[in-house]
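Q: Read top to bottom, the protein sequences are chains A and B. Quick note: the first sequence, position 210, residue 202 per the working numbering, numbers continuous. Quick note: the second sequence, position 228, residue 220 per the working numbering, numbers continuous.
Please keep in mind that the hints were generated in silico from the structure rather than gathered at the bench. Here the structure is a predicted model, which means the values were calculated and not measured. Treat each hint with caution, since some may be false.
[Claimed, not checked] Derived pair list, reagent style DSSO-like, types lysine-lysine, alpha-carbon separation capped at 27 Å:
(1) B:K206 x A:K84
(2) A:K199 x B:K84
(3) A:K199 x B:K10
(4) A:K26 x A:K15
(5) B:K53 x B:K15
(6) B:K182 x A:K246
(7) A:K206 x B:K52
(8) B:K53 x A:K52
(9) B:K166 x B:K206
(10) B:K191 x A:K84
(11) B:K26 x B:K10
(12) B:K84 x A:K46
(13) B:K206 x A:K52
(14) B:K206 x A:K46
(15) B:K143 x A:K246
Protein chains: 2
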Amino acid sequence: MTKKRELLILITNDDGIKAKGLKSLVNVVKPLGKIVVVSPFEVHSGMSHAITVKVPLRVKKTREEHNLTVYGCNGTPVDCVKLAFNQILPRKPDLLVAGINHGSNAAASIFYSGTMAAALEGCINEIPSVGISLVSHNPDADLSATEFYSKLIIEKIIENGLPKSICLNVNVPKISLEKIAGIKVCRQTKGYWQEEFEKRTDPQGNKYFWLTGKFHNSEPEAHDTDEWALDNNYVSIVPIQVDLTSYHTMREIKNWNFT
Amino acid sequence: MTKKRELLILITNDDGIKAKGLKSLVNVVKPLGKIVVVSPFEVHSGMSHAITVKVPLRVKKTREEHNLTVYGCNGTPVDCVKLAFNQILPRKPDLLVAGINHGSNAAASIFYSGTMAAALEGCINEIPSVGISLVSHNPDADLSATEFYSKLIIEKIIENGLPKSICLNVNVPKISLEKIAGIKVCRQTKGYWQEEFEKRTDPQGNKYFWLTGKFHNSEPEAHDTDEWALDNNYVSIVPIQVDLTSYHTMREIKNWNFT
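Chain A extracted, bound-state conformation (with noise of 0.2 Å):
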């Protein structure tokens, strides 16, 4: 009995169908089992765990071939998981791949991250699920080194499992193969966009925003996190857990009278 064989693997993504992450992905889990891609047909990169209720949702099949079909969709990620489950997927699938992400989905930007909601979509259905991002917005950007450490890292999965209702989210610094220094296993790093919209004004007259920003640390000296690790050239991996309950606190506000 072969692993290879028996395995099916869900592919999607934020960046859309064509993104060359979402290619790359696919060429590193080719050989793993039976792939399908259910990926935005358009770019949905900051829609989080949008899902659409607005208009209906189309599916469209772009490719097939042996052990590869692809399929684009007009909806968020989240959407295309949830079609993958209950319209597409002959049954549940062994591993949910979101990914390669163009763009860190370190710290605070998991909250944003289509790709991220993606795979906390896999593991609320209780699919092992990994998100994938690189650190670099480049559409053109050198995937080398993030092939070699997805591949690393989606085998172990397979062969250890993860414990149910926890997801992965992995970030590789954008920086060639040879100067990784190697995987930390971390936390969410602490902080929060600082926003710079950029003010304009149309030829109405009418002002109008962009939204733009940077990352703030709040804890730049901590050596455990996501970030600092990303500074320090190791990928980072945080285990995340669907469960949003702070214990500690219920504690807290039960003392709270009200009465």
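Assemble chain B onto chain A, guided by the hints.
A: This is chain B only, laid out in the frame that chain A set:
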């Protein structure tokens, strides 16, 4: 020195600026301080933590009276919060309240919710934040019980504060005030949405899907969850954390041999 004059409270929602729940919430908080509302012009349900990067953001003041200013925005709930913090408010607000949402945001719904994303965005930016929802999608729902409990809980937050990086997810059952059994501080229920895509065919013969479905509670017997509380006539409060790291799994994955 009165607290009332000093408090600056930011209000937003995802059902849009005309929603009954928003007006209801404004009535609740108006006696507590200076209120600024920044809400989407349109309904943004299911938008989660989405941000708008493809189109410019526009903001319009739609109402101004003593201690209340209302702005509409073409963006998502999270865009509204970012714009408020960076372009609209004179200083960091003392409190952010999102809601009153028309529909439950208990259990896994938190991931899809624009209301809770707005509260999380406040929390990421270190503002005490709470999202409030009524378990009814009826846009004309009776909000009097929700108003009563919103006032009680908001006053407790003002009195006690909230720990850093924690916000509250409040849900109110769809029953009259007299029937509510009280408040339960609880944890997020384990479960997922069972999608039932409605498959249709358009006049050109092409298939399309409408996303629909119902929540599957994976632990109906547990008595400490938000779903149980709501089913048993309690208002549920779940403290939610911004740090998604599973520390337990970190230790486990460190034992994988990445070689």
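Q: Take the hints in turn and mark each one as holding or not.
A: We went through each hint and held it up to the structure:
1. Our distance criterion of 27 Å between C-alpha atoms is met by B:K206 and A:K84, whose separation comes to about 18 Å.
2. About 23 Å separates the Cα atoms of A:K199 and B:K84, which keeps this hinted pair within 27 Å; it holds.
3. For the hint linking A:K199 to B:K10, the alpha-carbon distance of about 23 Å falls within 27 Å, and the restraint holds.
4. Proximity of A:K26 to A:K15 is assessed by CA-CA distance (about 15 Å); at most 27 Å being required, the pair is judged to hold.
5. Annotation: proposed proximity of B:K53 to B:K15 holds, straight-line Cα distance about 16 Å (limit 27 Å).
6. Taking the CA atoms of B:K182 and A:K246, the gap is near 21 Å; set against the 27 Å cutoff, the hint holds.
7. Only pairs whose Cα atoms come within 27 Å are accepted, and A:K206 paired with B:K52 is accepted, the gap being roughly 26 Å.
8. Straight-line distance between C-alpha atoms of B:K53 and A:K52 comes to about 43 Å, which puts the hinted pair past the 27 Å bound.
9. Annotation: proposed proximity of B:K166 to B:K206 holds, straight-line Cα distance about 17 Å (limit 27 Å).
10. Between B:K191 and A:K84 the alpha-carbon distance is near 20 Å, which keeps this suggested pair within the 27 Å criterion.
11. Straight-line distance between C-alpha atoms of B:K26 and B:K10 comes to about 20 Å, which keeps the hinted pair within the 27 Å bound.
12. With a C-alpha separation of about 34 Å, the suggested pair B:K84 and A:K46 falls outside the 27 Å cut-off, and the hint is violated.
13. Taking the CA atoms of B:K206 and A:K52, the gap is about 26 Å. The hint holds against a cut of 27 Å.
14. Our distance criterion of 27 Å between C-alpha atoms is met by B:K206 and A:K46, whose separation comes to about 17 Å.
15. Between B:K143 and A:K246 the alpha-carbon distance is near 18 Å, which keeps this suggested pair within the 27 Å criterion.
This entry does not satisfy hints 8, 12, going by the numbered hints stated previously.
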